Every structure is written in C-alpha cells, then in structure tokens.
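Chemist: If you're matching them up, the sequences are chains V and E in order.
Those letters in the first sequence? Residues 1 to 150, per this note's numbering, in order.
Those letters in the second sequence? Residues 1 to 674, per this note's numbering, in order.
Please note: incorrect hints may appear among the correct ones.
Okay, derived cross-link-like pairs now, DSS-like style, lysine-lysine, Cα gap no bigger than 30 Å in a straight line [stated by the list, open to error]:
{"#": "1", "chain 1": "E", "residue 1": "Lys113", "chain 2": "E", "residue 2": "Lys61"}
{"#": "2", "chain 1": "E", "residue 1": "Lys234", "chain 2": "V", "residue 2": "Lys22"}
{"#": "3", "chain 1": "E", "residue 1": "Lys567", "chain 2": "E", "residue 2": "Lys500"}
{"#": "4", "chain 1": "V", "residue 1": "Lys150", "chain 2": "E", "residue 2": "Lys310"}
{"#": "5", "chain 1": "V", "residue 1": "Lys13", "chain 2": "E", "residue 2": "Lys289"}
Keep in mind that the hints were calculated from the coordinates and are not lab data.
Only a predicted model underlies this, so the values are computations on that prediction, with no experimental measurement involved.
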Amino acid sequence: MFRVSTQAQTWVKSLLGQDPFKLSIDIYYIFCLTGLAAEEIKEIEGASHDILDYFPTPYQDHQRLIINFLLISEKNRLGIANEDKDRIKKELIEKFIDPNINSLTSSGRSRLNDYANAGHRILSGKMATPGNAAVFLEVWLNEMKEIEKK
Amino acid sequence: MEIKIHGWESKGIAGVDMEIDLNKPGTKTPTKIAMLWLDSGGGKTTTHELIKASLTGQIHKLEAEYNRDDGKPSKYERKRNERNYKDTGSFILKVSFDEKYCVFTIDFDHKAKTVDMHTKSAAGHQDGYAPPTAALTYLQPKFVDLFILDGEHAKKAIKENSGMADVTLNTIYQLDRFDDINDSLDKYFQDEKLKSRGNLSDKAKITQIENRITALKARRTKLSTEMRLNSKKKLDLEAKKRLLKKEKEGINKDDQNKRDRLNKEVDNLKILNDEIDLIKKEIFDLLKKPHHLSKSITKSFIKFTENLRKLDLPGDSAKEFFQNLVKTPKCVCNEPMTDARKKIILINSNDYIGTAHSNFASSMKQDVRDFIINEKEDSQDRLAECHAKLSEKNEELLKQKRLIEGLSKNVKTATGRSFEEIDNDIAECDRIIGQIDQFIDNYNAPDSTANESTRPKDVNSYSVIQALIKQAEAKRNLGHEMHNKQLKIEEMKEFIEEIKNEAKEKYKEELIVAMNSELDRIIEDDKVVITSIGSDIDYDGGSTGQGLVIAYVFLIKAFEQANKANKFPLLVDSPAAPIGPTYREAVALMITKLSNQYVCLLQGGEREWWCETLYENSKPDISVFTIFKETKRYQKYFDNPHEKLKKFDNSGIVKGYDFLAKFDTKTKKEAKDV
Chain V
1 MFRVSTQAQT
11 WVKSLLGQDP
21 FKLSIDIYYI
31 FCLTGLAAEE
41 IKEIEGASHD
51 ILDYFPTPYQ
61 DHQRLIINFL
71 LISEKNRLGI
81 ANEDKDRIKK
91 ELIEKFIDPN
101 INSLTSSGRS
111 RLNDYANAGH
121 RILSGKMATP
131 GNAAVFLEVW
141 LNEMKEIEKK
Chain E
1 MEIKIHGWES
11 KGIAGVDMEI
21 DLNKPGTKTP
31 TKIAMLWLDS
41 GGGKTTTHEL
51 IKASLTGQIH
61 KLEAEYNRDD
71 GKPSKYERKR
81 NERNYKDTGS
91 FILKVSFDEK
101 YCVFTIDFDH
111 KAKTVDMHTK
121 SAAGHQDGYA
131 PPTAALTYLQ
141 PKFVDLFILD
151 GEHAKKAIKE
161 NSGMADVTLN
171 TIYQLDRFDD
181 INDSLDKYFQ
191 DEKLKSRGNL
201 SDKAKITQIE
211 NRITALKARR
221 TKLSTEMRLN
231 SKKKLDLEAK
241 KRLLKKEKEG
251 INKDDQNKRD
261 RLNKEVDNLK
271 ILNDEIDLIK
281 KEIFDLLKKP
291 HHLSKSITKS
301 FIKFTENLRK
311 LDLPGDSAKE
321 FFQNLVKTPK
331 CVCNEPMTDA
341 RKKIILINSN
351 DYIGTAHSNF
361 ASSMKQDVRD
371 FIINEKEDSQ
381 DRLAECHAKL
391 SEKNEELLKQ
401 KRLIEGLSKN
411 VKTATGRSFE
421 EIDNDIAECD
431 RIIGQIDQFI
441 DNYNAPDSTA
451 NESTRPKDVN
461 SYSVIQALIK
471 QAEAKRNLGH
481 EMHNKQLKIE
491 EMKEFIEEIK
501 NEAKEKYKEE
511 LIVAMNSELD
521 RIIEDDKVVI
531 TSIGSDIDYD
541 GGSTGQGLVI
551 AYVFLIKAFE
561 QANKANKFPL
571 LVDSPAAPIG
581 PTYREAVALM
591 ITKLSNQYVC
601 LLQGGEREWW
611 CETLYENSKP
621 DISVFTIFKE
631 TKRYQKYFDN
641 PHEKLKKFDN
651 SGIVKGYDFL
661 AKFDTKTKKE
671 AKDV
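With these hints in hand, go ahead and build the complete structure from the sequences.
Modeler: Encoded structure:
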C-alpha cells in the first residue's frame with residue numbers, strides 16, 4: 001500500500017483538490033521524487049494514511065520509469081558497486097519488482113513510502129505549510145534544484 | 001465400533017409373533033445378508049420402529065402412543081377384537097457391539113398403558129437402557145436413522161431443498177462434533193459469566209467502565225448540541241453573506257469609474273489564473289517522467305541501464321533453464337547429470353534471474369531507450385522554462401491581487417462602506433463557515449483512529465461515540481475479563497467452523513468421485529452424474545425411477561468412506577418398493593458387495609428382481625425368512641405345513657429362499673406346488 005504519514009497528509013491538506021493535485025497520489029508522487037532525488041529514506045512513525053496499492057491510470061505508462069528511479073536511488077543509497085551483479089539482482093531487482101503484477105513488491109512499495117516520507121520531511125523543513133498549488137510547485141522546483149546541487 | 005444385529009423376538013404386540021435368529025447355524029455370527037418377507041399387517045413397520053427404539057432407548061414415544069390425542073389405541077397394541085389379543089407384549093433385540101453381546105427388551109403393558117425397558121449384557125441385567133458407553137455416540141437417534149432406515153427416508157437425500165444430504169454427511173462423518181465443541185465453548189462461557197459476577201477486581205473495572213460511559217454520553221450530548229447550534233449558525237452566516245454581496249451591488253454613482261476599473265482587474269486576475277493552471281498542468285505532465293527533473297537524473301537512468309547491460313542483466317538465459325536442465329538425464333555437454341553436476345549447476349543458476357523478472361528488466365531497459373535516449377525534445381529545458389514562467393506568473397498574480405485590494409478600498413457602495421470592508425466581512429463569514437464545515441465533517445465521518453483508550457473529549461464523530469458507548473456497555477455487561485474471553489471464544493468458534501466446512505468440502509469431493517464411479521457401474525443406460533452435494537444431491541441425467549438408487553449409493557458410499565474403523569448394519573424397511581424394476585437387480589447386486597451387514601424387511605411385490613439377485617449373489621451367507629399371519633389366505637400353509645414351518649401364536653415362519661420364491665404365487669398351480 002502506498003501511504004503517507006498523517007502528519008504529511010495534514011501538511012498538504014490545502015493543496016488536495018487544487019490543480020494539478022487532483023489525486024491523493026499526486027502529492028505522494030511529489031514527495032517520492034523529492035526523496036528519490038535526495039537519496040534519503042525515513043520510515044513512517046505513528047499514524048499513516050493509506051492511498052492506493054497500485055499506480056493509477058495516469059501513472060501506468062511511466063510506472064516502470066518510477067520503479068527504475070527507485071532502483072537507481074536505492075543502489076546509490078546502499079552504495080552497491082556497479083560490478084556487484086549479485087547485489088543488484090537480489091537487493092534491487094528481485095526484492096522490489098513483482099513481475100506478475102508488472103509493479104512493485106510489497107517491499108518495493110514500502111521502500112517507496114520511506115522515500116516519500118523523507119521527501120515530506122525535507123520539504124516541510126524548508127517550506128511553510130503550503131496553501132496555493134502554483135506557489136508550492138514553484139518553490140518545490142527551486143528546492144529540487146538545491147537538492148540536485150548536493 | 002462394529003454393530004451387528006443377531007435377531008429379535010416379538011410377542012403380544014401389533015403384527016405377528018416372531019422369533020428371528022439371523023446367526024449362521026451353530027455360530028454367533030449373523031449372515032451378511034438377511035431378507036424377511038412379511039405381508040401387509042404382519043408388523044413390518046412396527047418391527048422397524050421397535051428395532052430403532054431399542055437401539056436408541058427412545059421408549060417415551062412408544063408410551064405416548066397409549067395417550068393419543070385422537071383417543072385411538074396404541075399402534076403397538078393388537079386390535080382388541082383379535083383372537084390372539086394379549087394384555088402384555090414384548091420386543092427383544094439381540095445385538096453385539098464389538099462382539100460384546102447385548103439384549104434390549106421392551107415390555108408393553110397394554111392394560112396399565114406403560115412401557116419399560118431393560119438391558120442384559122456382560123455387565124449383567126440392568127433396568128432401563130444401558131448399552132456399552134463406547135457405543136453411545138453411534139446410537140444417537142439421528143445416527144441410527146441413517147442405518148435403520150426406510151426407503152422413503154433414503155430418498156429424502158436427493159429431494160430438492162430437503163437439507164437431508166448435508167445433515168446426513170454431518171452425522172456420518174461426525175462433523176456435528178465440531179458443533180458440539182462450539183456448544184461446549186458457549187456453555188463454558190456462560191458458566192464463566194455466572195462465576196465472574198462476584199469477582200471483586202471485575203467490579204472495580206466495571207465502575208471504571210461506568211464512569212467512561214457517563215463521560216462518553218456527556219460528550220455525545222455536547223456534540224449533538226453543538227451540531228444543532230452550528231447548523232443554525234451556518235444558515236445565519238450564509239444569509240449574512242448573501243446580504244453582504246447584495247451590499248456590494250449597491251453602487252455609489254460617483255464611484256462608477258473606479259468600479260469599472262476594479263471589474264476589469266478582476267477579469268485580468270481570472271485570465272492570469274487560467275494561464276497559471278495551464279503551466280501547472282504542463283509541469284506536472286512533464287514530471288510524470290521522473291528523468292525530466294534534471295539532466296543529472298537523466299544521466300543516472302542511462303548509466304544504470306548501461307551498467308545492467310555490462311553485467312548481462314537480465315541476460316540471455318533465465319534461471320529456469322538451469323533448474324530444468326538438472327532434471328534431464330544428461331547435461332548439455334552430453335555428460336551424465338550426476339549429483340555433483342546438479343549441485344554446481346543449481347548454485348550457478350543463481351547468477352541468472354527468472355524469466356518473469358528478466359522480461360520486466362528488459363522492458364525497463366526498453367523504456368529508457370524509448371523515453372530517454374530517443375527523446376527528441378529537451379524536456380529538462382522545457383521544465384526549466386515552465387518553472388521560470390510559473391515564477392513570473394506567480395509574481396504577476398501577487399501584484400494583481402494587491403492592485404485589486406487597493407482598488408477595492410477606494411470603491412464605495414451605497415452604504416458608504418468600501419469593497420474591502422465588505423470583502424473582509426465576507427471572508428470572516430467564510431472563515432467561520434469553514435470551521436463549522438470542519439466540525440460537521442468530523443461529526444459525520446467515522447474516525448478510524450479512535451479506540452477504547454481515546455479520551456471522550458477527543459472524539460468528534462457522532463458514529464464513533466455511539467460505537468464507543470455500545471462497546472463500553474457491552475464490556476460493562478460482561479465484565480472486562482469476560483469481554484476479552486468472549487472475543488477469544490468467538491475467534492475459536494469461527495476457526496472451528498472453518499475447519500468443519502473445509503473437512504466437509506473435502507469429504508464431499510471424495511464422495512462425488514466414489515458415487516459417480518459406482519453409478520457408472522450400476523446404471524448402464526440413461527447415465528447419471530453427480531455434479532455437487534450441497535444441502536441435497538444435484539445430478540445430471542437420470543430418471544425419477546433412479547432416485548432411490550442415487551440415495552442408496554450416497555448412503556452406502558458415505559458409510560464406506562467414513563467408517564474405515566466403524567461398521568454398522570444397514571436395516572431397510574421396504575428397500576425395493578421405490579426402485580423401478582429396471583434398477584432393482586443392479587442395486588441388489590451393489591448391496592451384495594457391501595462389507596456391512598444388510599437386513600431388509602420386504603412386502604408384497606418387492607420380491608421381483610430383488611430377492612433372487614440378493615440370494616444368488618450372496619448365498620450361502622444369507623438368511624431368508626417368510627413370515628405370515630394365520631389368516632384365511634394363508635391357512636393352507638398351516639393345514640399342509642412345510643417341514644421347516646415354525647408356528648407361533650398367530651403366525652408361521654419358514655426359513656429358506658426356496659419357500660419364499662414360491663410362496664403365495666398368483667397361479668393356483670404354483671400355490672399347490674408349495
């Protein structure tokens with residue numbers, strides 16, 4: 001199940017429903033991109049809010065790219081060497097990919113939640129509680145540039 | 001447990017007097033098959049019922065016959081005007097339980113209208129019903145009904161919606177023992193509940209729970225009152241907003257130009273907002289492909305894909321190839337597939353990934369080629385452009401809002417107040433309405449985080465507070481410990497029910513296979529196929545005449561399957577009457593192949609196609625009795641008695657198949673031969 005902490009859900013409450021964040025997973029996705037780009041994870045502590053257990057239609061065409069991004073960030077975070085075929089196979093491909101549903105395994109979804117939660121932590125540490133989607137997107141893109149520089 | 005019927009004696013009761021010994025001559029072992037022919041009025045049904053009553057000890061029903069509502073005499077008493085009427089009577093059943101002999105005697109006193117029972121066994125002579133304890137399980141009425149049965153009872157199993165098949169399986173496979181366990185759990189819980197009433201620690205907890213219920217109820221009252229007040233307040237605020245908007249329409253004529261300017265700027269604000277919406281949409285669409293975020297992320301995708309290629313992942317071979325290879329007698333190099341080789345191949349197979357993972361990894365790599373490497377537009381630059389444009393437009397939007405605010409201050413309405421002042425009032429109304437809406441949302445929505453430890457003052461949902469009150473009241477009624485115990489018992493009961501249903505389904509599957517195989521053998525034309533066993537037996541094909549055949553096959557096969565260790569006799573009243581002549585022989589043949597003892601009570605035309613098959617296929621392990629009343633019709637058999645005729649007070653019995661085969665045949669010539 002894709003999920004965010006109740007704290008994160010409260011933080012973005014005003015954005016939900018505003019264009020382009022029509023679906024709950026839209027904000028979750030922004031958190032994921034933040035965590036994945038920063039290569040940081042943080043487990044959800046306390047209450048959480050369930051979103052979905054699959055990528056909905058607007059994401060299905062590119063879900064393999066998102067999964068690929070997860071593998072890349074996880075490889076870098078764990079410091080797996082390029083030559084370490086065994087770890088890449090076992091700790092990334094076999095652990096996170098469920099080919100039968102063409103998506104993530106339960107561990108994969110759980111790890112993506114960790115990245116999303118880290119994404120929320122990073123953003124809430126740098127931004128005030130967002131109220132306007134356009135301003136949030138602008139500030140978020142600025143933050144992403146900062147993350148890129150690191 | 002093996003139960004056998006060795007014989008019975010009937011004297012002074014409805015029907016004829018008889019002494020039936022089913023044992024093989026000179027032994028204490030009954031023949032496997034026994035056929036007893038009795039004419040109408042011979043007491044066939046009485047015998048059947050008394051065998052059942054003897055085995056179950058249910059004699060109260062027999063005594064109740066003396067006090068019938070319709071005032072008629074007991075059906076177990078002879079007609080008063082009969083020549084051989086007796087004031088007393090008895091029925092003696094001789095059985096064995098695991099070769100331990102037991103004799104049940106039922107005494108009738110027609111004058112005193114009483115029925116008594118006594119039992120004789122290795123334990124001695126005992127008043128009442130006293131079978132061996134080990135046999136009691138199998139002597140419950142519903143169980144005995146399944147092996148001491150009449151043809152019609154068996155047929156119920158295939159009658160639609162009778163529920164008979166289900167009940168029969170529950171009994172034969174003793175699945176209702178699971179229900180007994182659940183009943184015991186309920187009883188245990190009821191006993192515990194009674195015991196816990198005086199428990200001091202529970203009393204203290206009950207006080208705690210009562211305090212909580214009081215607090216929860218107070219909270220419920222508070223929430224309901226607030227809800228009522230807030231709903232009214234919201235209506236008032238909405239009315240106020242309508243008035244404020246109306247106030248804005250009352251224009252001060254001197255300010256018309258300022259008002260026109262303001263409207264124009266408000267329109268510009270809308271256009272600006274629309275432009276921003278388009279930019280936001282484009283940005284989010286670009287972000288759906290994560291590599292658009294930056295050139296360095298794009299590079300990391302390409303680098304990772306390239307790395308997978310270098311590592312030969314997913315590779316041309318899949319793990320399954322090697323797993324299948326070790327199952328072949330020879331390796332691909334034509335060398336024998338030894339254990340050592342198998343081990344090495346399996347270890348090395350771990351270097352490869354499975355086909356499904358391999359396909360996914362290939363698609364992932366293909367996506368990188370299609371969406372990243374071969375992408376024509378520079379989407380990262382496009383995202384940067386959109387970002388810049390969004391910043392610019394957000395800035396413009398801010399300025400526009402400030403401009404409108406400034407203009408609003410200067411535009412006066414007919415009341416002399418500025419737009420800004422009125423807008424502030426409207427905003428204040430909206431703020432309070434927002435708070436009320438939040439309250440209403442909380443009041444109506446179920447709060448999934450609330451539980452029994454949540455403080456009443458933290459509960460904002462009406463349905464949650466209702467549920468908590470209900471829960472606490474249930475807990476108070478039961479006591480804290482008992483409440484937990486009840487939950488555990490309910491869980492156990494569900495688990496037991498699940499096991500019972502799973503076992504039943506498994507038995508049913510096996511039974512369907514066994515039944516179809518038997519039916520295929522018995523019924524050559526007009527094939528019948530059992531499709532399912534639910535509350536009754538569903539089948540395809542077949543005619544109504546085959547109904548009892550199916551029912552017999554059902555009972556016999558169910559007994560066969562269930563009783564790997566148990567063996568019960570099958571005593572059937574009127575076994576052949578409901579079976580069409582076409583199938584009688586086949587069913588009779590099937591019966592001879594049973595390993596259980598089989599006793600049938602026949603009458604009238606049931607002999608045809610039935611007796612000969614039973615006899616020919618089971619002799620000499622068969623006893624045959626012809627039992628007839630001393631009436632005008634059968635007087636000839638008493639006047640010229642058969643050498644084996646055994647005479648009783650009102651009847652005669654001849655043992656042997658030859659006599660039965662020719663007995664009371666329709667032609668005078670054949671009757672003369674007898």
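Chemist: With reference to the structure, classify each hint as holding or not holding.
Modeler: So, going through the hints one by one against the coordinates:
1. Taking the CA atoms of E/Lys113 and E/Lys61, the gap is near 12 Å; set against the 30 Å cutoff, the hint holds.
2. With a C-alpha separation of about 28 Å, the suggested pairing of E/Lys234 with V/Lys22 holds against the 30 Å cut-off.
3. Between E/Lys567 and E/Lys500 the CA atoms are separated by roughly 23 Å; this keeps the pair inside 30 Å, and the hint holds.
4. For the hint linking V/Lys150 to E/Lys310, the alpha-carbon distance of about 28 Å falls within 30 Å, and the restraint holds.
5. A distance of roughly 25 Å separates the Cα atoms of V/Lys13 and E/Lys289; the hinted pair therefore holds under the 30 Å criterion.
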